[in-house]
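A.B. asks: Given the structure of chain V, go ahead and fit chain R onto it with the hints provided.
2 protein chains.
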Amino acid sequence: MATIPYKIYLSEDEMPRYWFNLRSKMKTLPEPFVNPATGEYCTKEDLLPVFCEELVDQELNVTDTDIEIPDEIRDFYKMYRPSPLVRAYCLEKALDTPAEIYYKYEGSNTSGSHKLNSAAAQAYYAKKQGLTCLTTETGAGQWGTALSMACAYYNLDLTVYMVKISAEQKPHRRAVMETYGAKVIASPSNTTNAGRKILAETPDTNGSLGCAISEAIEVAVTTDQCRYVLGSVLNHVGLHQSIIGMETKIACDKYDIKPDIIIGCAGGGSNLLGLIAPFMADKIHGENDIDFVAVEPASCPTLTRGRYALDFGDTGKTTPLIKMYTLGSGFMPSPNHAGGLRYHGMNPIISQLFHEGYIRAKAYVQNDVFEAAVKFARIEGILPAPESAHAIKAAIDEALTCKETGAKKTIVFGLTGTGYFDMTAYASYNAGTMTDYIPTDEDLQKGFDSLPEIEQK
Amino acid sequence: MATIPYKIYLSEDEMPRYWFNLRSKMKTLPEPFVNPATGEYCTKEDLLPVFCEELVDQELNVTDTDIEIPDEIRDFYKMYRPSPLVRAYCLEKALDTPAEIYYKYEGSNTSGSHKLNSAAAQAYYAKKQGLTCLTTETGAGQWGTALSMACAYYNLDLTVYMVKISAEQKPHRRAVMETYGAKVIASPSNTTNAGRKILAETPDTNGSLGCAISEAIEVAVTTDQCRYVLGSVLNHVGLHQSIIGMETKIACDKYDIKPDIIIGCAGGGSNLLGLIAPFMADKIHGENDIDFVAVEPASCPTLTRGRYALDFGDTGKTTPLIKMYTLGSGFMPSPNHAGGLRYHGMNPIISQLFHEGYIRAKAYVQNDVFEAAVKFARIEGILPAPESAHAIKAAIDEALTCKETGAKKTIVFGLTGTGYFDMTAYASYNAGTMTDYIPTDEDLQKGFDSLPEIEQK
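Protein sequence lines, in the order shown, are assigned to chains V and R. Each residue of the first sequence is one higher than the one before, counting from 1 in UniProt numbering. Each residue of the second sequence is one higher than the one before, counting from 1 in UniProt numbering.
Chain V with its partners taken away, still in its complex shape (with noise of 0.2 Å):
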């Protein structure tokens, strides 16, 4: 066997050519959406005055494994991907441990995240429909400067409805969208009924993901020849990101790495779905027995402190219901909360797979997130992103464990993101005036009120 290098590039020949559908694998399937007006489940008709029709297809599609990447997709994949895997010699030397650590690094491109997988393919079967339009939200930044990247390059419009305090405090992360060519409005806006409500009852709200999301879905049923995309969460923007597993799978096999354990961040899921979804799909089959780790922010704890329960996807209640795990979508996070997985539910393959077991939680305060972040920068040279950062803390960690048990794990983790757009979060960590909070079970509650009346036993 070859040495192992620092980054591991596949060729282009070697990118794979297929999505993976993890449902095709899955002895329980998690449950469609359901309409809430009807109470049924959703059909294909149901959802595509929202969604493009392909994008449909593939959110109803449980039955086929392989979901050809178009060529004109892989195209532009080609001018980012594929994406390195990175042996953290640096990381291990520094904490002496015997584990092996590893990270997929999707942050070497313009958008600075993994979000690109899914926002060229967004956009790319918007074009082919012969849309002109697309509207979406985006919190931290990292989805909307994604979206605004592919828009350029298909040549859609697109208007972004951005967390209002996240346009507030990252006034840069909103010029390289206008710098692509998208319009930015900080949301809760007056633009629409949704947002002028949400302002009526809350003038003062910083906005949420969930509020954002409202907006951007009444815009794009309401204007010809524009739909909405969504940045997360489902299972078609989980599909696209599969191809990070994928990569990451081929480059294992290519130098017989056996990863023990596997690890991302979790907001609404995708990069998790995206990174496990191969590795994952031979667990469920026995032919594994990887322990995969979801970590996600104390703050804003969906599935450490969430319900498994049906829920609509944002504050307006205008979405189909989803079973997922939820905090409710009344839920706002608190807005000490620095950068994204600030949304109040997760994606439904992620919420089945945890409920059954095959994947266990963790969540950690945003100081002991940004200490491993500042650790890792020095160490690594790669400034991460705080959400990144949350899967950077659980897999030191873990490699602290194997330095006390002697364990020679194998660690595996997704390094999503860059935070060159985060340096008011890191200067205010350096500045040791960051703040971490935990919400009470009161808290909690009053998220929890806000489930439907289906939920509400």
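Rather than coming from a laboratory, the hints here were simulated on the basis of the structure. Some clues are possibly wrong.
The list makes no distinction among identical chains, and a pair is therefore deemed to hold if it is satisfied within one copy or across any two copies.
[To be verified] Straight-line distance between alpha carbons at most 30 Å, and here's what the computed DSSO-like set of lysine-lysine pairs gives:
no. : residue 1 : residue 2
1   : 7         : 128
2   : 78        : 254
3   : 254       : 7
4   : 27        : 128
5   : 7         : 78
6   : 7         : 258
7   : 78        : 403
C.D. replies: Leaving out everything else, chain R in the frame of chain V:
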């Protein structure tokens, strides 16, 4: 011949083991540094109080072609190198040009630029010499960030004097350096005699690289176990940057790519020197006829409108005299100029080659540069640094000329870095409020009046 992929990645094994010392191949050497006190050429002893010994040896070495890269530096390089040589398929298509366009992309590291190539080397040699502390200056912030990363890796204290206007415009750059543990001081400051003098004379100054250099040198020579390091201009910096050109040449040879034109932006000249070094050696000896192009801002036109003269490297006139193209150490670029490339002088090797006609130079105003930057970002997906966008502008112009003439030329340019910390400038361009500035002859004369007496003929 295999199809050329979008991104040519060399393997770690293919990464060069030697830097390329172009002076060993030159027919006429640049004039050595002159000690301003004695009028004699500088000796090694003159330079040792300021610089690390091994760097002084490299600075003075004009005979050895191959300078071995120590394993410790190669290990650092492996964290982010080899960097890709990218075939700009999308740009070629968008321009509808018969030209083939390639760019060597140095932005895939957290410092966001090629500067890390020399920072890694200089910090290593400082550590090896037993030093505990370094000082430097930074303008746009790329160099300061790169050196902060290297000093964190090698566990050295670092003080960065950051040009005042840049420190004000780029608080996030500053936060990155601080995250890596550096102490950042806006220059001119009251922490040095040089800074206090400039503040007394011009309290409202925006600062300049020349002034920040004076401050950093003063602290280095008056602090125990401390030396000063510079991010460009000097020959040893260009030597470290030759890793760019060496990798480019290996990739070109591997895929039978024969450049007709090689383009680089030129501030202090180190990235350009590094990119062209091995190709230029062949040109000097009649083995190719590549058209080498240096691109600079019209607001700081060192090559296109400067003088080839002995001049100080800093505003405080504390350095040796360097024979170079210069606008005079008293030249201050207009505050409307965004980004780097604002240094009054130019690397001596580049200066000598330009003087002999081996290189030609072009200057662009910044609105034209940003127009090219935005076009490139939307087409190729990478948001470039304003500095790098000078090379992009020239490459696009050359490709459009090929379209007119039908010439199927091969164009290679250096994409030195990313613009993630330049969004204030991009936002200004997007808003249409960016202004251009071309100094008048009278403006330039003020700079030339600051040249040392021996050049005031």
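A.B. asks: If a hint holds in the structure, say so; if it does not, say that too.
C.D. replies: Outcome of the hint check:
Taking the shortest Cα distances, residue 7 and residue 128 sit within 30 Å of each other only across copies (27 Å), while inside one copy they are farther apart (35 Å). Taking the shortest Cα distances, residue 78 and residue 254 sit within 30 Å of each other both inside one copy (20 Å) and across copies (20 Å). In the homo-oligomer, the alpha carbons of residue 254 and residue 7 lie at most 30 Å apart both inside one protomer (13 Å) and across protomers (20 Å), since each shortest distance falls under that limit. Taking the shortest alpha-carbon separations for residue 27 and residue 128, neither the intra-copy value of 34 Å nor the inter-copy value of 59 Å comes in at or below 30 Å.
Taking the closest pair of Cα atoms, residue 7 and residue 78 come within 30 Å of each other both inside a single copy (17 Å) and across two copies (8 Å). In this assembly of identical chains, the alpha carbons of residue 7 and residue 258 lie at most 30 Å apart whether taken from the same copy (17 Å) or from different copies (28 Å). For the identical chains of this complex, residue 78 and residue 403 are inter-copy neighbours only, at 25 Å across copies versus 39 Å inside a copy, given an alpha-carbon limit of 30 Å.
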